[in-house]
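We have chain A already, so just place chain B on it with the hints.
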Amino acid sequence: MNIHDYKDLYVLIEHEQGILHDASIELLGEAKRLKEDRPGLQYQVVAVILGTASQAMLHELGQRGADEILYLKNEALNTFSTERHTQVLYEAIVERKPDIFLIPATVLGRDLAPRLAARCDTGLTADATKLAFDPDHEDSSLLLVTRPAFGGNLFGTIINEDKRPQMTTIRPGVMDKWPKQEEHRCTITEKAVSLDHIPHEVHILEVLEKDHMAVDIAKAEIIISGGRGVGNGFHVLRTCAEMLGAEVAGSRAAVDEGRIDKAYQVGQTGKTVKPKVYIACGISGAVQHLAGMEKSDYIIAINKDPNAPIFQSANIGLVGDALEILPLLTEEIRNYRERPS
Amino acid sequence: MNIIVLLKQVPDTTEMKVDKEKGTLIRAGVPTITNPDDLAGFEAALRIKDAQGAKITCVTMGPPQAENMLRELYAMGADECVLISDGKFGGADTWATSNTLGAYLATLDYDLIIAGRQAIDGDTAQVGPQVAEKLSLPQITYVEEIRSINKEKIQVKKALENRYEIIEAKMPCLITTLGSIAKPRYMHVREIQKAFDKEIPVITNEHLKLLPEDIGLKGSPTKVKRTFTKEVHKNSDVLTLDPRAAAKKILDVLLDNQYIGK
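Quick note, the sequences are listed as chains A and B, same order.
Residues 1 to 341, numbered by this note's numbering, are exactly what the first sequence covers, in order.
Residues 1 to 262, numbered by this note's numbering, are exactly what the second sequence covers, in order.
Hints may be right or wrong, so weigh each one.
What the hints assert, rightly or not - Some chain A residues near chain B, calculated using beta-carbon distances under 7 Å: (1) T82; (2) R84; (3) T122; (4) G123; (5) A126; (6) L154; (7) K163; (8) L208; (9) I316; (10) G317; (11) E324; (12) E332.
What the hints assert, rightly or not - Pair ranges (Cβ atoms, derived): (13) B:S180 <-> A:E201: 21 to 27 Å; (14) A:K219 <-> B:K218: 40 to 46 Å; (15) B:S180 <-> A:H197: 35 to 41 Å; (16) B:I166 <-> A:T239: 37 to 43 Å.
Bear in mind the hints are in silico, worked out from the structure with no lab data behind them.
None of the values given here were measured: they were computed from a predicted structure.
For glycine and all other residues, C-beta sits at the position ideal for the given N, C-alpha and C.
Okay, chain A solo, but in the shape it has when bound (with noise of 0.2 Å):
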């Protein structure tokens, strides 16, 4: 292998039902911006996108910072197969030999990456939360990816030096989207795909849905979220999150008490969210939770231990009882929007 002969940053486009995921639209902004950082390589974002898309797709995909997209046309890659994308992918890497693929480290890209990288029999670094070029080297295309582990105790910065492509996955989430953009020039080269070779032993019978309610706390403005603390009192929480507009989330903690579902669940283990404010209410702050939460915007901390490592990572910190404060909480907001004007 000669590692020369690869260029150019790919990203592996997730879509369902003709939308495009949100954490590869993150991704192609985090490999624009990788570009941009580097211009002496002239390398180009290509998005690869397999199944069916349609023109708004493509346009869309245009917009936030592909310069070609790589439209492997099939109908039946709507479904995701193990087999049928890996073998897919490999082929189209082996032909255009990229330098750098990321893929989304989403249950989808967590499955195929894996696989894809062995065939390639190349390296793979998973759940990355940071990419950066090599500061010691101003040419050079070699990726620096920092990536939590142990619980988030550890941050590893992971390099491949001699197999490419350089694969990663990414930590929904965390990377930012780039600005849509209108004026903007990408090429599609669209190619049918056939899938008479590979084989298709893994065949999905049915769909069931999980809970037609669940709110993705990853989009909300504004979360109140509660830690072992809270123990009994989440319903505190979503009266005052429903005067605020806010989402409810929880702590690890709080969630293996069975206070509230997995679904909510913040941090290491559970989802990464970025809202404009986070007020954590009795977490006490351990790694594997501000890993979830420390991007967010504005973070507000109560908690009753003037000791608690969450104080640290908070803009603004409370030493009290979050279930006293909140619903006077309520109240002020209440008497706020009821004001005289």
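Here is chain B on its own, set in the frame of chain A:
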């Protein structure tokens, strides 16, 4: 039916302390446990054995002390346990690990391979699928329930972000299990004593004869350039106020920053 379960002995990350000066983990005194997702997968295998009979072989790759874990698995109901251990395998990333595991598993008879979804130390979730790739097996990841199984096919429930899928695959295949698939049983008191008398075979590279460029740190395409711990990044005001004043303070912050309007 022959079931192989892949397990890893890991440090209990909830007990982990960090040396903030050096940016490394303090491992001394941290208890080791069987990785939770793996142990749940092992329990799922034991339930198949209870219901319809099966031979369960537990395989781990790790340092010699991983033998303790294997004795516990014997006491829970494993039929055979194998330790893959050799200094030459040390420092392996997931590619090199799956080369090693795959080379050994290829010598066994199996209908189903179960691996935990991910280990709590590395959190990669990559070894299961990469072993499946080395063995050219179909895979199903994130399995929360085994609905039915026979020698020809397996039907499982897979958990995705916002839905479940009922999936059927041809056997042999590999599945990765979530911790929620089954609550592990306790060891049998009577079996604990017996477990200490078991011979645990140790597989080294003498047996597998893999090339240095395919195993261990040397064979790993990914390398750790550096590790560090999180620096505290904000200087917060920590105030002790009465509850009413605290509520007013929060409202002020929300209004001052225009996080809420009318």
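Restraint check, 7 Å cut-off on beta carbons, for A:E324 near chain B: 4 Å, holds
Please test the hint of 37 to 43 Å on the beta carbon pair from B:I166 and A:T239. With a Cβ separation near 38 Å, B:I166 and A:T239 satisfy 37 to 43 Å, so the hint holds.
Range hint compliance [Cβ, B:S180 to A:H197, 35 to 41 Å]: 37 Å, holds
Evaluation of the interface hint that places A:R84 against chain B, nearest CB under 7 Å: Violated: closest Cβ of chain B sits about 11 Å from A:R84, beyond 7 Å.
Agreement of hint A:G123 with chain B interface, Cβ distance less than 7 Å: Nearest chain B Cβ about 3 Å off; hint holds.
Does 40 to 46 Å hold as the CB distance between A:K219 and B:K218, or does it fail? 45 Å, holds
When the least beta-carbon distance from A:L154 to chain B is tested against 7 Å, hint result: 6 Å, holds
Measuring from the C-beta of A:E332 to each C-beta in chain B, is the shortest one below 7 Å? A:E332 check passes; min Cβ-Cβ to chain B is 5 Å, inside 7 Å.
Restraint check, 7 Å cut-off on beta carbons, for A:T122 near chain B: 6 Å, holds
The hint names A:A126 as touching chain B; please verify it with the least Cβ-Cβ distance against 7 Å. 4 Å, holds
The hint names A:L208 as touching chain B; please verify it with the least Cβ-Cβ distance against 7 Å. 4 Å, holds
Status of the A:I316 interface restraint (C-beta, 7 Å, chain B): 5 Å, holds
The structure is inconsistent with hint 2 alone, although it conforms to all the rest.
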